[in-house]
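Asks: As they're listed, the protein sequences go chains A and G. Under our numbering, the first residue of the first sequence is numbered 215, with each subsequent residue one higher. Under our numbering, the first residue of the second sequence is numbered 19, with each subsequent residue one higher.
Derived from the structure by calculation, the hints contain no laboratory data. Some clues are possibly wrong.
Facing chain A, a subset of chain G residues (Cβ under 7 Å, in silico) [said to hold, decoys possible]:
hint : residue
1    : D25
2    : E26
3    : M29
4    : V31
5    : T33
6    : F72
7    : G84
8    : G197
9    : Y343
Backbone N, C-alpha and C fix where the C-beta goes; we use that ideal spot for every residue, glycine too.
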Amino acid sequence: MKVLVPVKRVIDYNVKVRVKADGSGVDLANVKMSMNPFDEIAVEQAIRMKEAGQADEVVAVSIGVKQSQETLRTALAMGADRAILIVATDDVHNDIEPLAVAKLLKAVCDEEQPGVVLCGKQAIDNDMNATGQMLAALTGWAQATFASDIQLDGDSAVVTREVDGGLQTIKVKMPAIISVDLRLNEPRYASLPNIMKAKKKPLDEKTPEEYGVDVSPRLQIVSTGEPDQRKAGVIVGSVDELVAKLKEAGALA
Amino acid sequence: MNFGLNDEQSMIVDTVRTFVEREIYPHEDAVERTGHVPEDLAQDIKQKTRDLGFYACNFPEEVGGGGLGHVDFALVERELGRASMALTHFFGRPQNILMACEGEQRDRYLLPAVRGERMDALAMTEPGAGSDVRGMSCSAQRDGGDWVVKGAKHFISGADHADFVIVFVATGEDQTPRGPKKRITTFLVDRGTPGFTIREGYASVSHRGYKNMILDFDNCRLPDAQVLGEVDQGFAVMNEWLYATRITVAAMAVGRARRVFDMGLAYAAEREQFGQPIGKFQGVSFQLADMVTEIDAADWLTLASAWRLDQGLPANREIASAKLYATEMLARVTDATLQIYGGMGLMNDLPIARFWRDARVERIWDGTSEIQRHIIGRELLRPLGA
Ligand SMILES: Cc1cc2nc3c(=O)[nH]c(=O)nc-3n(C[C@H](O)[C@H](O)[C@H](O)COP(=O)(O)OP(=O)(O)OC[C@H]3O[C@@H](n4cnc5c(N)ncnc54)[C@H](O)[C@@H]3O)c2cc1C
Numbered sequence: 215m216k217v218l219v220p221v222k223r224v225i226d227y228n229v230k231v232r233v234k235a236d237g238s239g240v241d242l243a244n245v246k247m248s249m250n251p252f253d254e255i256a257v258e259q260a261i262r263m264k265e266a267g268q269a270d271e272v273v274a275v276s277i278g279v280k281q282s283q284e285t286l287r288t289a290l291a292m293g294a295d296r297a298i299l300i301v302a303t304d305d306v307h308n309d310i311e312p313l314a315v316a317k318l319l320k321a322v323c324d325e326e327q328p329g330v331v332l333c334g335k336q337a338i339d340n341d342m343n344a345t346g347q348m349l350a351a352l353t354g355w356a357q358a359t360f361a362s363d364i365q366l367d368g369d370s371a372v373v374t375r376e377v378d379g380g381l382q383t384i385k386v387k388m389p390a391i392i393s394v395d396l397r398l399n400e401p402r403y404a405s406l407p408n409i410m411k412a413k414k415k416p417l418d419e420k421t422p423e424e425y426g427v428d429v430s431p432r433l434q435i436v437s438t439g440e441p442d443q444r445k446a447g448v449i450v451g452s453v454d455e456l457v458a459k460l461k462e463a464g465a466l467a
Numbered sequence: 019m020n021f022g023l024n025d026e027q028s029m030i031v032d033t034v035r036t037f038v039e040r041e042i043y044p045h046e047d048a049v050e051r052t053g054h055v056p057e058d059l060a061q062d063i064k065q066k067t068r069d070l071g072f073y074a075c076n077f078p079e080e081v082g083g084g085g086l087g088h089v090d091f092a093l094v095e096r097e098l099g100r101a102s103m104a105l106t107h108f109f110g111r112p113q114n115i116l117m118a119c120e121g122e123q124r125d126r127y128l129l130p131a132v133r134g135e136r137m138d139a140l141a142m143t144e145p146g147a148g149s150d151v152r153g154m155s156c157s158a159q160r161d162g163g164d165w166v167v168k169g170a171k172h173f174i175s176g177a178d179h180a181d182f183v184i185v186f187v188a189t190g191e192d193q194t195p196r197g198p199k200k201r202i203t204t205f206l207v208d209r210g211t212p213g214f215t216i217r218e219g220y221a222s223v224s225h226r227g228y229k230n231m232i233l234d235f236d237n238c239r240l241p242d243a244q245v246l247g248e249v250d251q252g253f254a255v256m257n258e259w260l261y262a263t264r265i266t267v268a269a270m271a272v273g274r275a276r277r278v279f280d281m282g283l284a285y286a287a288e289r290e291q292f293g294q295p296i297g298k299f300q301g302v303s304f305q306l307a308d309m310v311t312e313i314d315a316a317d318w319l320t321l322a323s324a325w326r327l328d329q330g331l332p333a334n335r336e337i338a339s340a341k342l343y344a345t346e347m348l349a350r351v352t353d354a355t356l357q358i359y360g361g362m363g364l365m366n367d368l369p370i371a372r373f374w375r376d377a378r379v380e381r382i383w384d385g386t387s388e389i390q391r392h393i394i395g396r397e398l399l400r401p402l403g404a
């Protein structure tokens, strides 16, 4: 079975995000970029499937600027076998929308015929949480979102999902789209031998035109702003004081 | 000319940085408090480094190492330099001088060191002989077919964890027109060899938990099989292998300076006095400007000297410049950052005071600043006959 893992190049989770002066978005020039952490979890899961003999090939795919090649090399260094880069823009500030990404991934699925697509539940840059679901709709394959555990069972996958108030376990028929959540696994570091091997692994470069997909935006970003500053708190000395303060603030009758 | 990192180098940097942040930073405070690295933690760091394929990354692949060149290795050291040396010691990088091992020495020392099964330390310095290595009094006499070693070494880093020590010993004296000159031989000495003891050294203000030890040789008998390289050729062995380790001191200084600088920068942007962030005062922002400029300069000086080694170009002068400048830069950056933190910077509650203390030794070990200047001056003037 082949596992397809879409990976996105996003602003590094350690970087303090700054809104551009004109409010058109977040400043990404000269900022450290990394693989979306949820996608790292997906790559890890795919490699574990391969190590367990459940998968025979792990293919990573990324859609975005040419520099996404670095993200793919990281996936290869973690243990993916080959990579596909679809260069969809040359502007780092142009975030390709979920629908366009899903259409491109659908085209890749048609070509590659994976047994399962493992993707991050969302990208930490825009938190859309949409691509996996859209891909499931476009392919007509089963979907399981927010996976915290995945067990393969013949031609099905048993997926534990983190839902409000607890865990839900569902069984989906493969091929399936599974979006992964934080607690599924702890991604490995890229080892030195694998870093050195990554360069020799195949990385195909494509364009959206080759797949006949129009990636022009359909959404308009009206404005981007800093979150409200949190006001400084106060440390209270006793429960009585706490209750008094809450009453003062109108939070308690 | 290309000043960027390639894909592999970026991944190496990323992996080591992430490792250091996740596996080392969380334990730093405890090491600082206790001056001690618990054995299970040491083994854990070692095992994780092995799993990552980074153990002995400075050794060629033929002997089981990571096969990194000098620039790549400097990048690794730069990231490791951010963290406590007591802990990164177990992200093992054995002394590259072990490549001089021959025959069965490879099986007894080189290969187990690269696999992380045996740890090494390196001993030149004596109470009476520091910068003047040749002035050493630790000596070995022939007795039967063996050598009998007498004397002591001090300040020997990592000897507390060492399974064997690479020791430089005087094995004779030549009469030269400029007076007597000692001949030096390099020996491999196993812990537990009769007549050889390793004991606690001094309490250093720099790098708590990264201990320096005293070695005593009391008629310690060593067969010829323990000679590393040729008898009386200790200086040749030293010159061939040891100057590259000064790059690692420079690279670590750069990494540590960046970590400290980022803290100073963040504090300058956050701390308010007179109704505004202190970074808005030119007196503070100019300090930051100088700091980042010097860090960048030291960074490039260091990588460029490593690059020269990779190219097979002469690099002794350049490495001395990098070691000199990077370690003195670190002193200025840690001092200025402490100043930006004000009184809080001096308190052990924050790591700033630790970085400031740790920085001090860098200008002393692996050749003092004066000795680096001496090397640079000599390389400049010798061709002119001066
Ligand atoms: C924490 C620590 C760990 C160490 N680890 C090791 C180790 O693992 N193995 C090892 O072998 N050694 C180790 N050393 C020793 C270190 O390399 C020496 O301390 C260093 O070479 C200086 O020697 P010294 O301390 O005897 O100073 P000295 O050589 O006595 O120097 C005293 C002063 O005189 C100056 N001076 C000396 N000669 C000249 C000259 N020709 N021109 C101008 N100035 C000069 C020096 O620069 C210095 O300022 C360690 C030292 C420390 C502090």
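Asks: Take the hints in turn and mark each one as holding or not.
Replies: Status of the hints after comparison with the structure:
no., hint, result
1, D25, "5 Å, holds"
2, E26, "5 Å, holds"
3, M29, "5 Å, holds"
4, V31, "10 Å, violated"
5, T33, "5 Å, holds"
6, F72, "5 Å, holds"
7, G84, "5 Å, holds"
8, G197, "49 Å, violated"
9, Y343, "26 Å, violated"
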